[in-house]
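This is what each chain is made of:
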Amino acid sequence: MNPSRREFLASTAVALFIVPDIARAAIVKGGLPWKPGAGDPPTPVRPGPWLYFTADEAAAVEALVDRLIPPDPQTPGGKESGCAVFIDRQLAGPQGRYEGRYMSGPFQKGTKQQGDQTPTTPAEHYRQALAALDRACRQKFNGKPFAQLADNDKDEVIKGLEDGSFKLEGTDGNDFFKALLKDTQNGFFADPIYGGNKDMVGWKMIGFPGTHYDYREWVERHNERVTLPTVSIASHPNWSQ
Amino acid sequence: MAHKLPAKDVVVIGLGWTGSILSYELADAGLDVVALERGPWRDTATSFPISYAQDELRFRIQHDMFLRPAQSTVTFRNNRSQTALPVRHLGAFMLGNGAGGGGLHWNAETWRFLPSDFVLRTHLTQRYGANFLPSDMTIQDWGITWDEIEPHYDKFEYLCGTSGTAGNLNGNIQQGGNPFEGPRSRPYPTPAQKQPFSHTLYAKAASELGYKPFPQPSGNLSEAYTNPLGVKLGQCTYCGYCEWFGCANYSKASPQTTVLPALVRKPHFEARTECEVTRINLDSSRKRATGVTYVDTSGTEWEQPADLVILCAFQLFNVQLLLLSGIGQPYDPNTGEGHVGRNFTHQTMSGVIGFFDKDKYNFNPFVASGSIGMCIDEFNGDNFDHGPLGFVGGGYLGQVQTNGRPIETTPLPPDTPAWGAKWKQAQRDNYLSAVTATSGCHASMYSYRENYFDLDPTYKDRFGRPLLRMTMDFHENELKMSAYLTDKFAEIVQHMGARQVVKHYRKGPYDVTAYQTSHLCGGAIMGTDPKSSTINKYLQSWDVPNLFVQGATAFPQNAGYNPTGTVGALAYWSAAAIRSQYLKNPGPLVHA
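Protein sequences, first through last, are from chains A and B. The numbers in this note's numbering rise by one with no breaks, and the one at position 240 of the first sequence is 240. The numbers in this note's numbering rise by one with no breaks, and the one at position 353 of the second sequence is 594.
Note that these hints are calculated values from the structure, not bench results. Just so you know, these numbers come straight off a predicted model, no measurement behind them. Hints should not be assumed to be uniformly reliable.
[What the hints assert, rightly or not] Here are the computed lysine-lysine pairs in the DSS-like style, where the Cα-Cα straight-line distance is at most 27 Å: (1) A/K182 to A/K112; (2) B/K599 to A/K29; (3) B/K701 to A/K112; (4) A/K167 to B/K663; (5) B/K701 to B/K721; (6) B/K601 to A/K204; (7) A/K29 to B/K601; (8) B/K396 to A/K29; (9) A/K112 to B/K435; (10) A/K112 to B/K473; (11) B/K744 to A/K178; (12) A/K159 to A/K79; (13) A/K144 to A/K167; (14) A/K204 to B/K599; (15) A/K198 to B/K663; (16) B/K507 to A/K29; (17) A/K178 to A/K198; (18) B/K701 to A/K159; (19) B/K473 to A/K182; (20) A/K35 to B/K473; (21) A/K178 to B/K473; (22) B/K601 to A/K35; (23) B/K663 to A/K79; (24) A/K204 to A/K167.
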């Protein structure tokens with residue numbers, strides 16, 4: 001013990017205690033707490049039935065995402081690229097329940113700068129808004145729900161949600177539009193393990209080569225298109241064939 | 242009732258950058274140290290290995306490694322006429338959680354402040370006169386000088402292996418570095434990182450306009466490095482997953498890659514994770530801390546007695562713990578008296594997006610690191626004459642494009658529809674040929690009488706403790722300064738050859754939903770007067786001398802740089818004072 005420590009301790013009263021069990025804390029001492037195989041990898045989405053959406057809701061969301069990201073000759077649309085599956089899996093999971101969000105009241109509407117104060121979870125919000133959307137469409141378009149509208153009518157409805165002119169009963173249509181657009185685009189560009197961006201179509205569309213971890217040979221190859229194959233967390237063109 | 246544990250020499254609250262450094266320094270001095278960390282243990286191989294670290298949705302969009310507001314958050318309002326509401330979902334800043342703290346998810350932009358930043362009020366008053374400053378601006382000198390802090394900047398940079406080009410070596414200006422930086426005693430430990438296309442194009446344009454561009458000092462290392470603690474870092478691979486992510490490659494300086502492997506082998510050190518400190522305990526004189534009370538994951542409450550308490554939580558939670566523990570006089574904005582909670586600052590960020598001809602320019606924005614980039618410092622601090630401009634402060638202007646992750650970084654021209662076929666085509670046309678700096682105009686925020694913290698009267702955390710309430714707005718000085726910088730930055734981007742330049746000015750009111758940086762500063766500031774500061778120049782509490790408060794909490798105002806270099810330097814400065822002075826003679830190191 002060095003002198004400074006001895007002096008330091010001498011200035012304090014040291015008492016003896018029974019050491020209680022402190023097993024509820026993770027104690028790290030003596031070395032790094034590493035175990036072989038430990039980790040927290042993501043769980044890839046499994047294909048199959050809808051986990052959250054009803055059949056009607058799923059039909060509406062597939063129709064919506066396919067207008068937000070319409071198919072074209074080079075790139076599939078929102079539906080084929082899996083955006084509705086992505087949103088379904090998100091709403092069925094912790095994101096849909098607002099897990100981790102501060103949810104204590106009182107809830108009151110604040111300024112825009114104070115952020116979202118709603119107690120309504122994303123899962124509840126989609127349920128309310130999709131029901132209201134189909135109700136509003138049936139009223140306006142001879143009993144047809146959103147999914148059965150012609151493309152130009154669908155686009156008119158979406159534009160109305162976007163500019164606030166197409167109202168939904170019991171819920172804010174513009175809030176729903178914003179959430180849906182964000183979720184759709186997230187699905188289109190997120191790693192395919194989450195159900196959207198099927199076959200990395202979103203990444204290929206813009207020229208993002210995916211989850212490579214080493215661009216050292218490219219950093220100074222200025223103004224040159226990277227020619228590496230597109231890869232994701234769980235797939236590589238050479239792995240699955 | 243809390244179960245009382247055997248006493249330790251030192252209890253450290255929080256195991257981020259400052260907690261790791263202080264724990265190491267004090268364990269190295271032979272003291273028995275326990276660190277209590279609110280979040281989980283995190284290490285590279287388990288928490289963000291190379292097989293799934295590059296997950297933008299999980300880590301960037303869904304905040305996987307950050308503090309869940311359900312665990313703790315703050316409330317926010319722009320001014321005292323409003324009712325503060327809870328930040329239910331993180332937005333304007335990110336709060337680290339777990340071992341490594343903010344040091345895990347940062348970009349590793351490792352700057353030093355300017356010598357004049359430490360004597361800001363004196364400097365500006367001497368140059369422009371006292372009446373030049375807005376009357377409600379409460380900036381202060383720090384109580385330390387450049388010569389005092391420089392060796393500790395050096396120590397932190399050599400801990401991190403920082404990659405950069407010196408601009409001022411012992412007073413001699415160096416070609417290719419930042420000519421405005423304070424004199425440094427040694428070059429950076431490793432050379433600057435390599436720069437992708439848009440960054441070199443920016444540097445060329447800046448040079449042609451008469452500026453002196455230099456590579457941003459980077460904690461993403463240009464080459465492998467072994468630091469003085471014997472911990473090895475690898476070479477950065479420019480993967481583009483830096484800020485918001487843990488580095489799977491051991492090449493971003495973090496507590497994990499620089500301190501923790503050496504710290505946990507210290508025989509007198511122990512970390513307890515998933516233990517949240519709820520209170521710093523005082524004896525009946527209220528001038529001495531007896532230790533802390535914390536709660537583990539089972540909800541059991543423990544009392545950990547200690548002779549020395551080092552508060553190393555994130556800035557917000559340092560202030561909250563001081564207020565909840567009744568340490569120091571709370572700040573009162575009505576009278577300007579009191580000090581805990583005063584001089585709360587953040588950053589004033591703005592930027593410019595340059596759209597280039599896609600047939601001529603291919604920037605590969607995904608080839609990047611978190612602190613890559615070329616910067617100029619002509620408009621930082623008081624490097625330029627503010628006299629004719631009518632504002633104070635500034636920032637660096639950098640083409641610091643840290644990523645091309647497609648959810649976050651797909652800039653589109655402003656007339657693009659938000660969806661549909663035209664949106665799709667615009668994505669194709671612009672992703673590879675647009676430049677958008679993550680830190681474009683990275684500017685200061687000075688302190689004001691009405692930007693402050695106190696305890697919220699309504700909202701509570703999961704233990705029933707009042708949340709910290711932030712009252713914060715932008716002031717005209719900052720908005721004017723930021724607009725000036727944005728215009729200067731736009732001129733350079735235009736000169737790069739952009740066909741369209743879109744300026745994103747910073748506008749008020751301060752918005753808690755829009756990410757700026759995680760550089761929250763102040764609230765328990767350092768200074769020379771116990772009436773206007775919470776801690777002395779060694780970060781020691783004026784009121785409770787066996788308590789030291791680390792981190793950006795100490796900044797009297799924020800400069801136009803990323804704060805971590807200064808946070809690290811202050812931690813080493815404070816640790817050196819504890820080791821060389823306090824341990825020999827525990828008590829106040831400064832007599833006011």
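Hints, one by one, checked against the model:
no.	hint	in the structure
1	A/K182 to A/K112	holds, 18 Å
2	B/K599 to A/K29	violated, 55 Å
3	B/K701 to A/K112	holds, 22 Å
4	A/K167 to B/K663	holds, 25 Å
5	B/K701 to B/K721	violated, 37 Å
6	B/K601 to A/K204	holds, 20 Å
7	A/K29 to B/K601	violated, 56 Å
8	B/K396 to A/K29	holds, 25 Å
9	A/K112 to B/K435	violated, 41 Å
10	A/K112 to B/K473	violated, 46 Å
11	B/K744 to A/K178	holds, 24 Å
12	A/K159 to A/K79	holds, 19 Å
13	A/K144 to A/K167	holds, 17 Å
14	A/K204 to B/K599	holds, 16 Å
15	A/K198 to B/K663	holds, 21 Å
16	B/K507 to A/K29	holds, 8 Å
17	A/K178 to A/K198	holds, 23 Å
18	B/K701 to A/K159	violated, 41 Å
19	B/K473 to A/K182	violated, 41 Å
20	A/K35 to B/K473	holds, 21 Å
21	A/K178 to B/K473	violated, 46 Å
22	B/K601 to A/K35	violated, 50 Å
23	B/K663 to A/K79	holds, 18 Å
24	A/K204 to A/K167	violated, 36 Å
In this structure, the earlier hints numbered 2, 5, 7, 9, 10, 18, 19, 21, 22 and 24 are contradicted, and the remaining ones agree with it.
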